[in-house]
Amino acid sequence: MTPFNLFKRKPPASAPALSAPTPPDGPLTRNGVRIDDTFAEAFGMAATAVVITAPTAKWAMIAAQTMTGFATSVIGCGCEAGIDRELAPDETPDGRPGVRALLFAFSPDGVEEIIVNRVGQCVLTCPGTACYSGLDTAERIKLGSNLRYFGDGFQMSKQVDGKRYWRVPVMEGEFVCEENTGVTTEAVGGGNLLIMGQTAAETLAAAETAVAAMSKIPDCILPFPGGIVRSGSKVGSRYTFMRASTNEAYCPTLRGAVETALDPDIGSVQEIVIDGLTSAAVANCMKAGLKALIDAGPKGGVLRVGAGNYGGKLGQHHYHLKDLLP
Amino acid sequence: MSGLTLTLKAPPAIRLNMAAVTPARLSDLTERDIAAINLGSQRTPVALGDAFAIRMGDARDIRIVGATERLDHVAWALSGGALTVEGHVGAYLAVQMTGGAVVVKGSAGPWAGAGMTDGSVEIGGDAGESAGGALPGASSGMRGGLIVVRGGAGARAGDRMRRGLIVIEGKAGAHLGARMIAGTAVALGGAGAYPGYLMRRGSVILGADAEEIGPSFADCGRHDFTMLRLMARRLALVSPAFAGRAAPAARRYAGDMATLGKGEILLLG
Numbered sequence: 001m002t003p004f005n006l007f008k009r010k011p012p013a014s015a016p017a018l019s020a021p022t023p024p025d026g027p028l029t030r031n032g033v034r035i036d037d038t039f040a041e042a043f044g045m046a047a048t049a050v051v052i053t054a055p056t057a058k059w060a061m062i063a064a065q066t067m068t069g070f071a072t073s074v075i076g077c078g079c080e081a082g083i084d085r086e087l088a089p090d091e092t093p094d095g096r097p098g099v100r101a102l103l104f105a106f107s108p109d110g111v112e113e114i115i116v117n118r119v120g121q122c123v124l125t126c127p128g129t130a131c132y133s134g135l136d137t138a139e140r141i142k143l144g145s146n147l148r149y150f151g152d153g154f155q156m157s158k159q160v161d162g163k164r165y166w167r168v169p170v171m172e173g174e175f176v177c178e179e180n181t182g183v184t185t186e187a188v189g190g191g192n193l194l195i196m197g198q199t200a201a202e203t204l205a206a207a208e209t210a211v212a213a214m215s216k217i218p219d220c221i222l223p224f225p226g227g228i229v230r231s232g233s234k235v236g237s238r239y240t241f242m243r244a245s246t247n248e249a250y251c252p253t254l255r256g257a258v259e260t261a262l263d264p265d266i267g268s269v270q271e272i273v274i275d276g277l278t279s280a281a282v283a284n285c286m287k288a289g290l291k292a293l294i295d296a297g298p299k300g301g302v303l304r305v306g307a308g309n310y311g312g313k314l315g316q317h318h319y320h321l322k323d324l325l326p
Numbered sequence: 327m328s329g330l331t332l333t334l335k336a337p338p339a340i341r342l343n344m345a346a347v348t349p350a351r352l353s354d355l356t357e358r359d360i361a362a363i364n365l366g367s368q369r370t371p372v373a374l375g376d377a378f379a380i381r382m383g384d385a386r387d388i389r390i391v392g393a394t395e396r397l398d399h400v401a402w403a404l405s406g407g408a409l410t411v412e413g414h415v416g417a418y419l420a421v422q423m424t425g426g427a428v429v430v431k432g433s434a435g436p437w438a439g440a441g442m443t444d445g446s447v448e449i450g451g452d453a454g455e456s457a458g459g460a461l462p463g464a465s466s467g468m469r470g471g472l473i474v475v476r477g478g479a480g481a482r483a484g485d486r487m488r489r490g491l492i493v494i495e496g497k498a499g500a501h502l503g504a505r506m507i508a509g510t511a512v513a514l515g516g517a518g519a520y521p522g523y524l525m526r527r528g529s530v531i532l533g534a535d536a537e538e539i540g541p542s543f544a545d546c547g548r549h550d551f552t553m554l555r556l557m558a559r560r561l562a563l564v565s566p567a568f569a570g571r572a573a574p575a576a577r578r579y580a581g582d583m584a585t586l587g588k589g590e591i592l593l594l595g
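So the protein sequences, as listed, match chains A and B. Under the working numbering, read the first sequence as residues 1 to 326, first letter to last. Under the working numbering, read the second sequence as residues 327 to 595, first letter to last.
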């Protein structure tokens with residue numbers, strides 16, 4: 001499980017144990033890949049989306065990557081954020097290349113505080129960019145209406161087709177930002193897949209294959225570096241000041257020293273965490289990842305796929321792998 | 327069910343006050359009640375049924391056929407629905423309008439859209455003076471909504487406007503956006519003298535030169551404005567002409583420095 005899942009829920013001291021691994025030749029085998037009869041346990045979150053445009057796709061991406069940096073775990077970073085997809089000029093409000101980024105936090109208030117800070121520091125400052133709402137929901141949070149104060153009284157608002165935009169004069173020219181953006185409380189954080197292979201290199205290659213497929217699913221992000229987390233954690237620690245620590249049952253170098261969850265042929269594990277604007281988006285993303293892993297098969301580096309959960313008592317959303325198989 | 331159609335029988339001898347002809351007013355009336363509405367603007371009453379042939383239909387979609395510039399107060403305080411005019415209209419088109427859509431195939435007289443707060447007005451021909459402006463004694467002109475004039479407009483279009491958008495695809499007269507409080511007034515064919523005279527906030531956007539820009543506007547130079555790209559895309563459906571002209575580059579004049587000075591004139595190109 002990811003640091004996000006574990007930190008977020010503050011489970012009781014006697015947290016449920018991880019699911020037991022499926023035997024190597026269990027009934028859920030596809031193309032030589034063993035699928036654990038288990039489920040990913042995920043949690044409700046609040047989320048927003050923004051569209052960042054720039055004169056070139058390069059600068060739109062730079063702004064989006066900067067804005068979504070250091071956002072892997074909602075506890076450790078205050079939010080989870082990532083890039084949903086690149087947008088062609090005809091998909092953006094101002095006809096320039098763009099990127100849609102998603103940001104997740106515990107509550108709409110939290111999302112508002114963080115998105116304003118991040119857009120203010122990472123998009124307003126980035127050459128050529130503009131920032132617009134990327135989520136059309138009835139519930140709105142402030143965006144440009146807070147950032148406008150950077151204009152020190154020289155800012156101007158402009159209402160176009162029922163939407164208000166702020167024009168903030170900056171040294172380069174003008175920064176345009178929509179007054180507000182949508183927020184949803186139907187978002188889900190913490191969908192996950194555990195990818196197990198023989199070696200670290202092979203397992204990483206398989207995880208990259210899954211990430212490539214999962215990144216195409218709209219309304220989802222994979223918030224960890226390159227979409228992959230190598231350091232899944234468990235709740236608690238022998239150290240009282242640590243709320244989470246390494247998940248030794250999945251650490252291959254401890255296999256002989258602890259009660260392991262790994263089969264004898266498993267030498268490395270990578271995890272992919274999924275946050276989505278809806279539960280369906282998370283399920284679709286996991287489904288795409290599973291299909292890519294099964295298609296890759298053992299030759300592609302994956303021997304077994306599992307998922308992290310806490311017995312099903314803590315998260316509202318359960319994604320059973322057997323239901324997501326292609 | 328097609329809309330309710332009123333066809334003018336003959337050019338009226340006197341100006342007619344069409345204020346009562348709105349979807350909200352006619353929706354619950356019978357043909358007999360509608361025919362009895364007084365349109366007279368003088369002491370002698372003029373029954374609607376005497377001036378117009380009535381074809382009953384959905385009152386949320388009213389069509390006035392054969393209209394002339396003697397029809398005043400068309401779409402007065404319109405709050406919803408659609409009103410289409412085939413022909414010209416007189417003064418006070420869509421004044422105090424709060425919603426709905428008005429389309430005039432011909433031209434409109436003075437004060438079209440004055441004081442309107444929402445909805446859209448499209449004028450196929452020209453607009454008279456003070457389109458979207460302030461009625462005499464009013465503290466502000468247009469306070470929201472959209473006016474598109476396919477032709478030109480008279481003097482003082484957007485006078486004291488507070489909010490909303492006026493797009494004049496032809497040339498505007500003198501004092502376009504004068505005393506503007508906020509909002510946006512566009513004249514693709516340029517404007518007469520002194521656009522934005524005493525404007526406080528807001529934008530006057532010109533597709534061609536004005537006859538003269540006031541000396542209390544400060545030339546800020548030529549720049550690219552992302553906002554113009556945004557406006558062009560958002561308004562492509564209502565004014566393809568504006569969308570086609572709104573290149574991001576414009577010369578900006580800040581003003582009117584004789585007052586608050588937070589407005590601007592953007593000269594496209």
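Derived from the structure by calculation, the hints contain no laboratory data. Each hint should be verified, as a subset may be incorrect.
[As the list claims (entries may be wrong)] Sample of chain A residues lacking proximity to chain B, with all beta carbon distances greater than 10 Å (derived):
1. Gly95
2. Arg96
3. Ile114
4. Ala201
5. Arg230
6. Ser231
7. Gly297
[As the list claims (entries may be wrong)] A few chain A residues facing chain B, derived, Cβ under 7 Å:
8. Pro93
9. Lys158
10. Val176
[To be verified] Here are the simulated lysine-lysine pairs, BS3-like style, with alpha carbons at most 30 Å apart:
11. A:Lys291 - A:Lys313
12. A:Lys58 - A:Lys158
13. A:Lys291 - A:Lys216
14. A:Lys216 - A:Lys299
15. A:Lys158 - B:Lys335
16. A:Lys234 - A:Lys163
17. A:Lys163 - A:Lys299
18. B:Lys588 - A:Lys142
19. A:Lys299 - A:Lys287
20. B:Lys588 - A:Lys158
21. A:Lys142 - A:Lys234
22. B:Lys335 - A:Lys163
Note that CB positions come from ideal geometry on N, CA and C, so glycine has one too.
- Message: Just to be careful, I want the Cα atoms of A:Lys234 and A:Lys163 compared with a cutoff of 30 Å; is the pair within it?
- Response: Roughly 46 Å separates the two Cα atoms, so the pair is violated.
- Minimum Cβ-Cβ distance from A:Ala201 to chain B exceeds 10 Å: At about 45 Å from chain B, A:Ala201 clears the 10 Å cut-off, so the statement holds.
- Double-check A:Pro93 for me: the hint is only fine if its C-beta lies closer than 7 Å to a C-beta in chain B. holds (6 Å)
- Regarding the assertion that A:Ser231 does not contact chain B, is the least Cβ-Cβ distance greater than 10 Å? Nearest chain B Cβ is 41 Å from A:Ser231, so the label holds.
- Given as non-interface: A:Ile114, partner chain B, CB spacing beyond 10 Å: holds (24 Å)
- Going straight from one Cα to the other, do B:Lys335 and A:Lys163 come out at no more than 30 Å? Not OK: B:Lys335 and A:Lys163 at ~43 Å, beyond 30 Å, violated.
- Item | Hint consistency between A:Lys291 and A:Lys216 [alpha-carbon to alpha-carbon, up to 30 Å] | holds (13 Å)
- For the pair supplied as a hint, A:Lys291 and A:Lys313, confirm whether the alpha-carbon distance does not exceed 30 Å. Satisfied, since the Cα-Cα distance of roughly 28 Å is no more than 30 Å.
- Once the shortest beta carbon distance from A:Lys158 to chain B is found, is it less than 7 Å? This hint holds: A:Lys158 lies near chain B, its Cβ roughly 6 Å from the closest one there, short of 7 Å.
- Task: Take a quick look at A:Gly95 and tell me if its Cβ sits farther than 10 Å from every Cβ on chain B, holds or violated.
- Result: Its Cβ does come within 10 Å of chain B, the nearest being 5 Å, so this is violated.
- Query: Is it true that the CA of A:Lys142 sits at most 30 Å from the CA of A:Lys234?
  - Reply: Violated. A:Lys142 to A:Lys234 sits at ~36 Å, over the 30 Å cutoff.
- Query: Does B:Lys588 pair with A:Lys142 here, judged by a C-alpha cut-off of 30 Å?
  - Reply: holds (24 Å)
Of the numbered hints stated above, those contradicted by the structure are hints 1, 2, 15, 16, 17, 21, 22, listed in ascending order.
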